[in-house]
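Engineer: Now for the letters of each chain:
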Amino acid sequence: EPEVTQTPSHQVTQMGQEVILRCVPISNHLYFYWYRQILGQKVEFLVSFYNNEISEKSEIFDDQFSVERPDGSNFTLKIRSTKLEDSAMYFCASSWFVGGSTDTQYFGPGTRLTVL
Amino acid sequence: GIQVEQSPPDLILQEGANSTLRCNFSDSVNNLQWFHQNPWGQLINLFYIPSGTKQNGRLSATTVATERYSLLYISSSQTTDSGVYFCAVEETSGSRLTFGEGTQLTVNP
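Chains U and L supply the protein sequences, listed in that same order.
Going by the numbering used here, the first sequence opens with residue 1, and the numbers climb by one from there.
Going by the numbering used here, the second sequence opens with residue 1001, and the numbers climb by one from there.
FYI, nobody ran anything at the bench for these hints, they're computed from the structure.
Among the hints, erroneous ones may be present.
No farther apart than 20 Å at their CA atoms in a straight line, the calculated lysine to aspartate or glutamate pairs in the EDC-like style are these [said to hold, decoys possible]:
| hint | chain 1 | residue 1 | chain 2 | residue 2 |
| --- | --- | --- | --- | --- |
| 1 | U | Lys-42 | L | Glu-1067 |
| 2 | U | Lys-78 | U | Glu-56 |
| 3 | L | Lys-1054 | U | Asp-103 |
| 4 | U | Lys-42 | L | Glu-1091 |
| 5 | U | Lys-57 | L | Asp-1081 |
| 6 | U | Lys-42 | L | Glu-1101 |
| 7 | U | Lys-42 | L | Asp-1081 |
| 8 | U | Lys-42 | U | Glu-85 |
| 9 | U | Lys-83 | U | Glu-44 |
| 10 | U | Lys-42 | L | Glu-1005 |
| 11 | U | Lys-83 | U | Glu-56 |
All chains, full assembly: derive it from the sequences and hints.
Structural biologist: Written out as structure tokens, the structure is:
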């Protein structure tokens, strides 16, 4: 069964450093997403991406964050200058688009980001 | 934005018991999904169920969209069912999933 993959599984970085989290969505899916989950809390939406542009973003997704689909298979989340509070599990997801609305969102295994 | 409430927040069962988890949401939705987050943090899709009833083995789910709630049934629970169960909904006005706080399920042998 096709699945969403993410790399790395765990990343440790120093405060102020840039990090890039990578995702390979399910091929033939058209909608891509990033979510995050701070330890012990619920999952929060960051951004959705469709047709090579941001479709929707949350208030968390400020100027420090950016997303890109650099080629036909990868989808990346960049954090320009990491803060301690960026420490979280970051999930990538993808979905098909059917009849004017999105279908099931499939989640990757996550990247655990630790900012020291 | 839409509000998603899950109950109970915590549930402890003996192996073999049945349980019902509830998800209430405050507005109309395009999509509702149930997830199981395992001890390694992975979010496992259980159901895509904006309305109606579905079954998958020992798990089943029902969503009554007109009354804005969904139920997840777990029968004959096993220790491997332990973890956090999340309900997430997609509003009609967007594509984001809004998650509830989750139900922490512990199944003891």
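Engineer: Please go over all the hints and tell whether each is borne out by the structure.
Structural biologist: So, going through the hints one by one against the coordinates:
1. U:Lys-42 <-> L:Glu-1067: violated (24 Å)
2. U:Lys-78 <-> U:Glu-56: holds (17 Å)
3. L:Lys-1054 <-> U:Asp-103: holds (16 Å)
4. U:Lys-42 <-> L:Glu-1091: holds (18 Å)
5. U:Lys-57 <-> L:Asp-1081: Measuring from Cα to Cα gives roughly 33 Å; hence the hint is violated.
6. U:Lys-42 <-> L:Glu-1101: Roughly 5 Å between the alpha carbons, so the hint for Lys-42 (chain U) and Glu-1101 (chain L) holds.
7. U:Lys-42 <-> L:Asp-1081: Holds - the C-alpha atoms of Asp-1081 (chain L) and Lys-42 (chain U) are around 19 Å apart, at most 20 Å.
8. U:Lys-42 <-> U:Glu-85: holds (15 Å)
9. U:Lys-83 <-> U:Glu-44: Holds, because 17 Å separates the two Cα atoms, which is no more than 20 Å.
10. U:Lys-42 <-> L:Glu-1005: holds (12 Å)
11. U:Lys-83 <-> U:Glu-56: violated (23 Å)
When each numbered hint is compared with the structure, violations occur for hints 1, 5 and 11.
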